[in-house]
Amino acid sequence: MNVIVEGCPAYAYTGGQPFDPGKPAVVLVHGAASDHSLWHYPARYLAHHGFCVLAVDMPGHGRSPGTARTTVAELARWLDAFIAATGVAKARIAGHSLGSAVALELALRHPEHVSRLALLGTSAPMPVGEAFLAAAKDGSPAAFDMQATWGHARQCILAASPIPGLCLVGAGRQLIARTRPGVQYADLKACQDWVPDPAAIRALATPTLVVAGRRDQMTPMRAGRALATEIPGARFTALDAGHNLPVEAAREVAHALRAAFA
Amino acid sequence: MAHSPPKTPHPDTLAVHAGQSPDPATGARALPIYQTASFVLPDTDTAAALFNMELPGHVYSRLSNPTVAAFEERIAALEGGAGAIATASGQAALHLAIATLMGSGGHIVASASLYGGSHDLLHYTLPRFGIATTFVPPGDLSAWRAAVRPETRLLFGESVGNPSVEVLDIPAVAAIADENAIPLLVDATVTTPCLGRALDMGAHLVLHSATKFLSGHGVVIGGVLVDGGRFDWDRSGKFPTLTEPYDGFHGIVFSEESPVSAFLLRARREGLRDFGACMAPMTAFQILQGLETLHLRMPRHVATTAQVVSFLAGHEAVIRVHHPDREDHPGHTLARRLYPRGCSAILSFELKGGREAGRRFIDALTLFSHLANIGDAKSLVIHPASTTHHRMDDAALAAAGIAAGTVRLSIGLEHPDDLLEDLSRALRASQK
Chain A
1 MNVIVEGCPA YAYTGGQPFD PGKPAVVLVH GAASDHSLWH YPARYLAHHG FCVLAVDMPG
61 HGRSPGTART TVAELARWLD AFIAATGVAK ARIAGHSLGS AVALELALRH PEHVSRLALL
121 GTSAPMPVGE AFLAAAKDGS PAAFDMQATW GHARQCILAA SPIPGLCLVG AGRQLIARTR
181 PGVQYADLKA CQDWVPDPAA IRALATPTLV VAGRRDQMTP MRAGRALATE IPGARFTALD
241 AGHNLPVEAA REVAHALRAA FA
Chain B
263 MAHSPPKTPH PDTLAVHAGQ SPDPATGARA LPIYQTASFV LPDTDTAAAL FNMELPGHVY
323 SRLSNPTVAA FEERIAALEG GAGAIATASG QAALHLAIAT LMGSGGHIVA SASLYGGSHD
383 LLHYTLPRFG IATTFVPPGD LSAWRAAVRP ETRLLFGESV GNPSVEVLDI PAVAAIADEN
443 AIPLLVDATV TTPCLGRALD MGAHLVLHSA TKFLSGHGVV IGGVLVDGGR FDWDRSGKFP
503 TLTEPYDGFH GIVFSEESPV SAFLLRARRE GLRDFGACMA PMTAFQILQG LETLHLRMPR
563 HVATTAQVVS FLAGHEAVIR VHHPDREDHP GHTLARRLYP RGCSAILSFE LKGGREAGRR
623 FIDALTLFSH LANIGDAKSL VIHPASTTHH RMDDAALAAA GIAAGTVRLS IGLEHPDDLL
683 EDLSRALRAS QK
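Read top to bottom, the protein sequences are chains A and B. Sequential numbering of the first sequence, starting at 1, is according to the working numbering. Sequential numbering of the second sequence, starting at 263, is according to the working numbering.
It should be emphasised that the hints constitute simulated quantities derived from the structure, not laboratory data. Any given hint could turn out to be false.
Stated by the list, open to error - As a list, the in silico SDA-like pairs of lysine to any residue whose alpha-carbon atoms are at most 25 Å apart: (1) LYS269/B x GLU130/A; (2) LYS500/B x ILE514/B; (3) LYS189/A x ALA443/B; (4) LYS640/B x PRO561/B.
Claimed, not checked - So the derived list for chain A, only partly shown, Cβ under 10 Å to chain B, looks like this: (5) HIS36; (6) ARG63; (7) ALA131; (8) MET146; (9) ARG173; (10) LEU175; (11) MET221.
From the three backbone atoms N, C-alpha and C, an ideal C-beta is built for every residue, glycine too.
All chains, please: the whole structure from these sequences, using the hints.
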């Protein structure tokens, strides 16, 4: 479905079910140089298990036109506007990587709009390697390779894929490579520049689940665990996967989100 | 500023390991043959979710199977693709690609230099289902461009044609495909990802007869279709099967589900489901046994071929040898550019004495096996005009570069000296 946010169309995938604001709303927020299809399986699963799913494409990503925002704060403000534009008063929000920073920032700024929170492949702050950022800044295809390779468990190309017949690294790279020029860098720079407020995090009252990949090469599991210990009452789950949890552990993520958002 | 991509496994390593983990149930290091038609559904809720594509997993072996998936993921990794679908044969892979992209009213532009079975499908069979094909000389780029019509939905050629060993200028034909917002499908059976990756050259889809060099031992029939995941179906606007609601799966729009995997999703969820030309688990296992040594075998295949080509070219009984190693071959320069490690263990040649000399030559061979196949560890010989391409008329044969006396060889892994000795003796016999 499409809505108008800050004067520009914004797209969200509804998981194969029509948008139904009568059901509990779940907003799924993708990470850097990605789009709604990151959530393909979990989105369909939640949409067919009682939730109103909105897997959003952030501005300049996937099917949403517009200019990529350059800070987590701007993205959080946009996400808040997106949720308001759908008519949903309060949503369960799951974010992955950059999306987790955006979701957390929104919960910190507008807790009245966020009923529950799930942070996947997360870290606060969220530093980005210098070489990676430089390659993205130059628009080098090497930055696609870096994100595709480090964004999955080490040497996952040598292991059986959880999605039969799909080469996760190959498919992941193609999704990243589809990103419009400059968007990957804008996203990574937003991660790099994000300065979360530790005091606000320690005061967060939103029920939160943190999901980490035991073999995450970008936001190491210890970073997710550390964040979970800071958020009062947060639960922590580690899965046998790398950073790209909604794809690498689609089944486990679907089940975890269903349980966390029930 | 130059940026170095991260280190990733070499192709040789991918050929041995990609897509396969030690068996989670038993720890078996070799790939288990999951010889089962179906998979137990743990509860009704999970069953519904698996059928409705809410959770990934195996349901029924016509749609997916763990042994077959290992082969699919391995060839996808080797080709640099997003994913793959294994099929009952190379012919099934070609049909699956076409049926996923178009229906009645669709049109294909194809190289005139094709394997006879592919030519049969395009020229004789698909018109009955409303799909027409225009054949063009593979090296004539203006002919490719001129043949594209508003209803054209696919360009198709062989990386290296069989049997005339014509080399397809994949980057140039891919550019024509891009200009027209349609994909280029390349049959890379002869080259394999070991000698060159068609997706890297610009192709959008790749298929193989896995019967040939991928399995390498002539023991199975199988095929595979690889999607590069790069083609933008939405932007093209020419592929409603991928970009408009599909009644056969609750109105799903495949390009909305996944812009990268749309083609693979439809090909599996409709193509395998409804046409059913899936690969058997035992077949996948046998192909994988061969695939593990692809990077050892192919250099030997092409090195021995180079010796055979040189030998035949210098023999008084031979009029002409067709192989890109020859400087007089029209694809010589192109082959050096696209396939610097060699491009083909297939060659053809014309004997003095025409069809009768060809008959005597084939009958006199003892080490070469006379049969309709290529890409075996064993060296093979055939007379295309009377076998693999016998349904072609004279004009089509000429367009495919096949003369009445053309003999095709597929060079195997025997010692080169033994092969040359066999050829030498048979050539003498052919001229008596």
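Here is what the structure says about each hint:
The straight-line distance between the Cα atoms of LYS269/B and GLU130/A is roughly 17 Å, inside the 25 Å bound, and the hint therefore holds. Taken as a hint, the LYS500/B and ILE514/B pair is honoured in the structure, with Cα atoms around 17 Å apart against an allowance of 25 Å. Taking the CA atoms of LYS189/A and ALA443/B, the gap is near 33 Å; set against the 25 Å cutoff, the hint is violated. Distance check on the hinted pair: LYS640/B and PRO561/B sit about 15 Å apart at the alpha-carbon level, within 25 Å; holds.
Given the 10 Å rule on beta carbons, the hint for HIS36/A holds: about 8 Å separates it from the nearest Cβ of chain B. Taken as an interface hint, ARG63/A checks out: its beta carbon lies about 8 Å from the nearest beta carbon of chain B, inside 10 Å. A cut of 10 Å between beta carbons decides the hint on ALA131/A: the least distance to chain B is about 7 Å, and the hint holds. A hinted interface residue such as MET146/A counts as satisfied when its beta carbon comes closer than 10 Å to some beta carbon of chain B; here the least separation is about 5 Å, so the hint holds.
Here the hint on ARG173/A is kept, as its CB sits about 8 Å from the closest CB of chain B, short of 10 Å. The interface hint given for LEU175/A is met, as the beta carbon of that residue sits about 5 Å from the closest beta carbon of chain B, less than 10 Å. Against a cut-off of 10 Å between C-beta atoms, the interface hint on MET221/A is violated, since the closest Cβ of chain B lies about 20 Å away.
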